[in-house]
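There are 2 protein chains.
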Amino acid sequence: MSKILRVNMSTLSVVTEEPKEEYRLLSGRAFIAKYMLTEVKATCEPLGRHNSLIFTPGLLGGSKVFSSGRISIGGKSPLTGGIKESNGGGVVGIKLARLGYQAVIIEGLPKDAQKYILKITATGAELLSAEGYWGCGVYETAARLRQDFGEKVAVSCIGPAGENRLLAAGIANTDTEGVPSRYSGRGGLGAVMGSKGLKALVIDDTGLGSIEPKRPEAFKRVIQEYAQLLKTSPVIKNYTDFGTAALVNLTNAIGGLPTRNFSTGRFSGADKISGETLRETILVRKGKPEHACMPGCLIKCSNVYVDEQGKDLVAPLEYETIALMGSNLEIEDLDVIARLNYLCNDYGLDTIETGAALGVAMAGGLLPFGDQEGAIRMVEEIGKATLTGRVLGNGAMLAGKVLGVLEVPVVKGQAMAAYEPRAIKGTGVTYATSPMGADHTAGNSIRAGLKHNSREGQAAFSQKAQHTVPIYDDLGLCLFSMGVLGAHPEILCQLVNAQLGTDYVFEDLQAIARNTIQWERGFNQAAGFTKVNDRLPEHFTETPNPAAENAVFDVPGEELDNVHPDLELQKSQKDCMDSAC
Amino acid sequence: MSKILRVNMSTLSVVTEEPKEEYRLLSGRAFIAKYMLTEVKATCEPLGRHNSLIFTPGLLGGSKVFSSGRISIGGKSPLTGGIKESNGGGVVGIKLARLGYQAVIIEGLPKDAQKYILKITATGAELLSAEGYWGCGVYETAARLRQDFGEKVAVSCIGPAGENRLLAAGIANTDTEGVPSRYSGRGGLGAVMGSKGLKALVIDDTGLGSIEPKRPEAFKRVIQEYAQLLKTSPVIKNYTDFGTAALVNLTNAIGGLPTRNFSTGRFSGADKISGETLRETILVRKGKPEHACMPGCLIKCSNVYVDEQGKDLVAPLEYETIALMGSNLEIEDLDVIARLNYLCNDYGLDTIETGAALGVAMAGGLLPFGDQEGAIRMVEEIGKATLTGRVLGNGAMLAGKVLGVLEVPVVKGQAMAAYEPRAIKGTGVTYATSPMGADHTAGNSIRAGLKHNSREGQAAFSQKAQHTVPIYDDLGLCLFSMGVLGAHPEILCQLVNAQLGTDYVFEDLQAIARNTIQWERGFNQAAGFTKVNDRLPEHFTETPNPAAENAVFDVPGEELDNVHPDLELQKSQKDCMDSAC
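Protein chains in written order, with my numbering: chain Z, 1 to 581; chain F, 1 to 581.
Be aware that one or more of the hints could be misleading.
Since the list gives no way to pick out one identical chain from another, each pair is judged satisfied if it fits inside one copy or across any two copies.
[To be verified] The calculated lysine to aspartate or glutamate pairs, modelled on DMTMM-like cross-linking and capped at a C-alpha distance of 25 Å, are:
{"id": "1", "residue 1": "Lys531", "residue 2": "Asp561"}
{"id": "2", "residue 1": "Lys531", "residue 2": "Glu45"}
{"id": "3", "residue 1": "Lys531", "residue 2": "Asp566"}
{"id": "4", "residue 1": "Lys111", "residue 2": "Glu538"}
Hints listed in this document are in silico derivations from the structure and should not be mistaken for laboratory results.
Isolated chain Z (complex conformation) (with noise of 0.2 Å):
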């Protein structure tokens, strides 16, 4: 991976550059954050011509390494003004990385109403129109494009919800069977997409293979060792059998699943929507319990939900949705959900957002908690953008402003995921302190052996898993494989170092994943975010949520203030990369 893909709306150039010497070996969230610091001016408009939006997959993409092929799409982020990269799976980075792209920058904005298609294949890239695909849903944009392009193309695009540049878009992108449904859902990335009149990225690596490592002997080695640790790990099994949808028990029993507009933490109708009820579901109706996103995946964590004649109804469906889609809203059954979860995927919405902002909609008295009818039209007016649409495709915030509802679960502009942060203290601190607003994805506590209602130690371990998460965002490692990299980072180390050449010692990746931080920090800070950012809303702070023993969330603000010191930048990225080979 040695060449970067700029290409300019505004002018419709297209260039192909050798990276400066320092993005070299930044790759995924690293480079998204080194490159937002070095070259985007923090305060500009997100959806202007200032702002850009990347995609790169991670150091490993392309490679044989299990589940190695995220792609990290980023920008200032529309929700939160600050940076943001959202994560996505499917085999966009994988096949990016086999073209050799370390990053594809898209900057600018077009002069004229024209749309675009960014066609990269091994010869090249180019701008193309996109006429005929613009307006259509993610589903029927990406069979097209698979039909004109070719079968095995990867596709990132956006629905009608980027293309009106509604702040709760996402960005769609293909997995294996060429269905785009693996989400780089938060942060309204979409409507930045939207903003610069691009449709989709076509990704053509016809002719490539996996990306060989440079140690082929020891690769050998240490890849044997890392699958027998995957095929025999009990957490890793839990979510190839049940998906992430296990969490519903999990949440639910200490009071920490969203409920009514996270009033609560317990949802009556919790074992209807369970994992196990999920898998059971799949099952009796021959859908497919199990998964995988990309191919050389051995975790399979998704999943594809059926209807009663074994007819597709989505894939995955999985737990952020039901809860932010189901107890959020007081809904208990799981074919609404797959409903509302397959509108806002072809809409090109973020099921977590969109989730958050209905649930803001019901308390703020639009419609009653549990109307599901109510609720898929509601989702049917953001894919057409009424002006009720509107309000809540721009995300829970607005709505809340819009609604006179205070009580709105967002941190820095953007919607909570499925942890309910009274009852889920570490979750809660990640959310207060992440530079990316609220995403469970930087640093989730749930796991963790914790009593979680509590205060004590929330904030030492959502520092550890803030600084932990990077090291796989900047890899492009599925995060679900820390559940295994994890207790191993010998044989992370070694996967790393076989694959690249690189002679890495686990510190040396640390040191990447804080100045990762270090960087979207210094972003947002340029940006005008201070440590009041850094804060949950009041009422989580005031208001006991029920289920969790009435825990309001209490940790103090010393101690979010400390999760990031504004350090020096950790041993500097120019070390690393000296160590490296």
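Given chain Z, put chain F in place with the hints provided.
For chain F alone, coordinates are given in the frame of chain Z:
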């Protein structure tokens, strides 16, 4: 003025107390700044229980000094998230001062849905039920309160907009005739009042006269001198003859009249909405071209605009409204603008914020520019708080977010007043750097001897103006008296010293004013503001104003940062007090 009235809406307690030492000789804007910094959690939810709403007359309030009866209403603004002082005319300030109140502070939130009126008389204060008033427009509210509590009472009240906690809601104060059209319009303080379940203050000063000067002989001499200056000032005569509307031709000539959502600064229909046309129309129709909003005002900038049958349409019709709801919407009919003004007044809406939101709505395609009936219908929707009404009634910024309009004329979330900042850069500097957001009253350069669309000297002028204005806001003086007193600081000091028995020199008044700004900035900083918040929106710095020689707003960031260097507080308040007798 030696009493503070504290009303706690959570406990329904009403307590009169001695002011703490640190509040001594602070009133108006200075009191708000010091109180907010000292007692209110800067990060609080503006519509939540930790915010306060303060009513405070100036230090000269209730005296016989001309135009000294302004009322300062303050709190944390739900629009800007920072401190707000919103200054209004009428008789509320005068009566509060005569009753001996330095400030009335409303704290907390009611525990149930009960709504209240706060009645304040010479014998005490009490909370009464607002039943029968809640839901009424401000005209009916004031009329009925005067019917029920006596013709002479003063009223501060909100309309349906404030009740619905819409962020464009202001607070209406009654004038000499009991008409509630003297607005503390800006910053959404009507929503704060609504959040507290408080419909109105009813202030009865029966039996009390003007506050006598401490040094009657000196007062007699200086007040005569001041009267003479007022009567012979051509600036004042211009205000008397044309009101603020005299500015239409002036700003239009230099390309600074906000037109078509601030996209340009010259309006083809300017002549039809000018001060001259306004005066002529009023004279022909036998309205009142001159009108005083408070007793003892010699400036009389107000007017009573009537229809063709001579029936009152609205009083006053002012420049800001004419520009924001006229040229900004490409509406060139004074009768329509008067109707929009009346509706806003009655619903309890800031005409600046509402006009800016309508401009954004037109830019976003919700209705066409120039659509008079559409504009009226939209304001009616705000009054009814329909979904469309909520989108617009929460101000220009929110409307822009919902409708996907990036060109929104706001700073710190609050709409710009009627001075296009690329054409009138001094006021642009004030918009950018005032702790208040885009208020013209914080330091307007329109009458400065500057080339308005050049960046030279603008920051220095704005700084001086911003550091002078609080002198007037602290004393309760109408800003227009600066037209005379600005050139005669010795008269100002003599007035103050004769009335209060102090021995202030002008530097003392300047010190209090600078402290006021520093306290405000201290609050805003604690609320999370940085210099990033002291900037105009991106498009004003990049897109030329074709009517102002294609100027962009190009005052450099360092100059903006230096307008309010975060100095140690000036000569401390205590020092100033020590010089008082």
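Can you give the numbers of the hints that this structure goes against, from lowest to highest?
none
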